[in-house]
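Visitor: One-letter residues, chain by chain:
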Amino acid sequence: MYQLSDHQIDLILYDLQQRGIETESLRLNLLDHICILIEENLEEDGDFSQCYAAVIRSFYKQELKELEDEAQLLMALHKGHILLGRNQFFLLLFVLLIGPYIAYDLVWMMNRSPATGWRLPFEIWGSTFIFAIYPLLVLLVLFLTPDRFDPLIPRRSKVLLGFKPFIRILPVNMAQ
Amino acid sequence: MTYSPELLKGTLKTIVLKLLMDHKKMYGYEITQKVKELTQDKIQITEGALYPTLHALEADGLVTTEVEYIGKRVRKYYSLSPAGKATSRERLKELTNFMDTMIALLNIKSKMA
Chain A
1 MYQLSDHQID LILYDLQQRG IETESLRLNL LDHICILIEE NLEEDGDFSQ
51 CYAAVIRSFY KQELKELEDE AQLLMALHKG HILLGRNQFF LLLFVLLIGP
101 YIAYDLVWMM NRSPATGWRL PFEIWGSTFI FAIYPLLVLL VLFLTPDRFD
151 PLIPRRSKVL LGFKPFIRIL PVNMAQ
Chain B
1 MTYSPELLKG TLKTIVLKLL MDHKKMYGYE ITQKVKELTQ DKIQITEGAL
51 YPTLHALEAD GLVTTEVEYI GKRVRKYYSL SPAGKATSRE RLKELTNFMD
101 TMIALLNIKS KMA
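Here the protein sequences line up with chains A and B, keeping their order. Sequential numbering from 1 applies to the first sequence in the working numbering. Sequential numbering from 1 applies to the second sequence in the working numbering.
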C-alpha cells in the first residue's frame with residue numbers, strides 16, 4: 001500500500017486551498033478522504049501526481065469550489081437566509097430602487113389640492129423620471145441580457161440574501 | 001444499476017443520520033463505503049454531496065465531531081447529538097411514510113395505465 005509523505009500531504013492541502021476550499025474543516029475532511037483513496041489505489045512505484053489528478057477530478061462536476069459553495073449554502077439556509085429566484089430578486093431591486101420615486105408621486109397625488117386635479121406637474125414626474133431612469137435602465141440591462149459578457153445574475157440562478165454573506169449569487173448547477 | 005443523484009438528494013440527510021444512529025461514530029470515507037456495501041453499490045454517495053451535508057448537520061447541532069490526528073492528517077469523526085437522535089427518528093418516520101405514499105400512488109397509476 002502506498003504511503004503518502006508529509007510533503008505530498010502539504011501539496012494536497014495547498015491545492016485544495018487554491019481551488020477555493022476555504023472552510024478549514026471541509027478542507028481537512030477532503031484531505032483525509034483524498035489521502036485514503038490515493039493510498040488505496042496507488043501502487044508503491046505509482047505516479048502520485050497522476051493519481052491525485054484523477055481522484056480530485058472525481059469530486060466535482062465543473063470545479064472543486066462547488067463543494068465549498070454547497071456547504072456554505074446549506075449552512076446559510078439554516079441561519080435565516082432567504083433564497084430568492086432571479087425574477088423575485090429583480091422585483092425586490094425594482095421595489096427598492098424605483099419604488100421610492102413612485103411612492104413620492106403617489107403621496108403628492110394624495111395630498112394635491114382639489115384645484116390641481118389628477119394631472120402631475122412636470123416638476124414632480126420630471127424629477128421622478130430623471131432620478132429613476134438610471135437605476136431602471138441598469139436593472140433592465142441586467143435582467144434582459146443575462147448571457148451578455150460575464151453575466152452578473154445568470155438565467156435560472158438564485159440569490160441568497162442574509163447576513164454573512166449579505167448577498168450570494170448561486171450558479172445554475174447549485175440552484176437546481 | 002445506480003440511482004440518479006436527483007433521486008437521492010432529498011434522502012441524503014436521512015441516510016447519514018440513520019448510519020450514525022446505527023454506528024457510534026463514523027468519518028466521511030467510512031460513510032461512503034458503508035452505503036456502497038449496504039446497497040451493493042446501487043447507491044454511491046459522492047464527496048460533493050456528503051461533505052456539505054455533514055457540515056450542514058454539524059451547523060444544525062445534529063451531529064457532534066471529534067478529531068483524530070494521523071500524522072499530518074486530521075480525521076473527523078461524526079456522531080449523533082441528542083437532538084440528532086430525535087431528528088433521525090423523525091426523518092425515518094417521514095421517509096417511511098413517504099415511501100408508502102409513493103408505492104400507493106404508483107400502484108394507482110399503473111392500474112390506470
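By construction, these hints were calculated from the structure, which means they are not laboratory data. This structure is a prediction, so every number in the text was calculated from the model and none was measured. There could be a bad hint or two in this list.
Said to hold, decoys possible - Below 27 Å or equal to it, Euclidean Cα-Cα: the simulated DSS-like pairs (lysine-lysine) are:
{"no.": "1", "chain 1": "B", "residue 1": "K9", "chain 2": "B", "residue 2": "K24"}
{"no.": "2", "chain 1": "A", "residue 1": "K65", "chain 2": "B", "residue 2": "K24"}
{"no.": "3", "chain 1": "B", "residue 1": "K85", "chain 2": "B", "residue 2": "K72"}
{"no.": "4", "chain 1": "A", "residue 1": "K61", "chain 2": "B", "residue 2": "K24"}
{"no.": "5", "chain 1": "B", "residue 1": "K93", "chain 2": "B", "residue 2": "K72"}
{"no.": "6", "chain 1": "B", "residue 1": "K36", "chain 2": "A", "residue 2": "K158"}
{"no.": "7", "chain 1": "A", "residue 1": "K61", "chain 2": "B", "residue 2": "K93"}
{"no.": "8", "chain 1": "B", "residue 1": "K93", "chain 2": "A", "residue 2": "K65"}
{"no.": "9", "chain 1": "B", "residue 1": "K72", "chain 2": "B", "residue 2": "K18"}
Stated by the list, open to error - Partial list, derived from the structure: chain B residues whose beta carbon lies under 10 Å from chain A:
{"no.": "10", "residue": "K25"}
{"no.": "11", "residue": "I43"}
{"no.": "12", "residue": "V67"}
{"no.": "13", "residue": "R75"}
{"no.": "14", "residue": "P82"}
{"no.": "15", "residue": "E94"}
{"no.": "16", "residue": "F98"}
{"no.": "17", "residue": "M99"}
{"no.": "18", "residue": "T101"}
{"no.": "19", "residue": "A104"}
All C-beta atoms in this analysis are idealised placements derived from N, C-alpha and C, irrespective of residue type, glycine included.
Visitor: Each of the hints needs a verdict: does it hold here or not?
Guide: Structure-based check of each hint:
This hinted pair checks out: K9 (chain B) and K24 (chain B) have alpha carbons roughly 24 Å apart, not beyond 27 Å. Proposed proximity of K65 (chain A) and K24 (chain B) is contradicted: the alpha carbons are some 31 Å apart, above 27 Å. Simply put, K85 (chain B) and K72 (chain B) have alpha-carbon atoms about 32 Å apart, too far for the 27 Å limit, and the pair is violated. A distance of roughly 32 Å separates the Cα atoms of K61 (chain A) and K24 (chain B); the hinted pair therefore is violated under the 27 Å criterion.
The hinted pair formed by K93 (chain B) and K72 (chain B) fails the criterion: a straight-line CA distance of about 41 Å is larger than 27 Å. A C-alpha spacing of about 33 Å is found between K36 (chain B) and K158 (chain A), which places the hinted pair above 27 Å, so the restraint is violated. Only pairs whose Cα atoms come within 27 Å are accepted, and K61 (chain A) paired with K93 (chain B) is rejected, the gap being roughly 33 Å. A threshold of 27 Å between alpha carbons decides the hint, and for K93 (chain B) with K65 (chain A) the separation of about 34 Å lies outside it, so the pair is violated.
Under the criterion of a C-alpha separation no larger than 27 Å, the hint pairing K72 (chain B) with K18 (chain B) is inconsistent with the structure, at around 31 Å. For K25 (chain B), the interface hint is violated, since its Cβ never comes within 10 Å of a Cβ in chain A; the closest pair sits about 14 Å apart. For I43 (chain B), the interface hint is violated, since its Cβ never comes within 10 Å of a Cβ in chain A; the closest pair sits about 16 Å apart. Using the Cβ-Cβ criterion of 10 Å, the hint placing V67 (chain B) at the interface with chain A is satisfied: the shortest such distance is roughly 8 Å.
About 5 Å separates the beta-carbon of R75 (chain B) from the nearest beta-carbon of chain A, less than 10 Å, and the hint is met. About 18 Å separates the beta-carbon of P82 (chain B) from the nearest beta-carbon of chain A, more than 10 Å, and the hint is not met. Taken as an interface hint, E94 (chain B) does not check out: its beta carbon lies about 18 Å from the nearest beta carbon of chain A, beyond 10 Å. The interface hint given for F98 (chain B) is broken, as the beta carbon of that residue sits about 21 Å from the closest beta carbon of chain A, more than 10 Å.
Given hint, M99 (chain B) at the interface with chain A, is violated; its Cβ is 24 Å from that chain's nearest Cβ, farther than 10 Å. The closest approach between the C-beta of T101 (chain B) and any C-beta of chain A is roughly 24 Å, which is over the 10 Å cut-off, so the hint fails. Checking A104 (chain B) against chain A: minimum C-beta separation of about 28 Å lies over 10 Å; hint violated.
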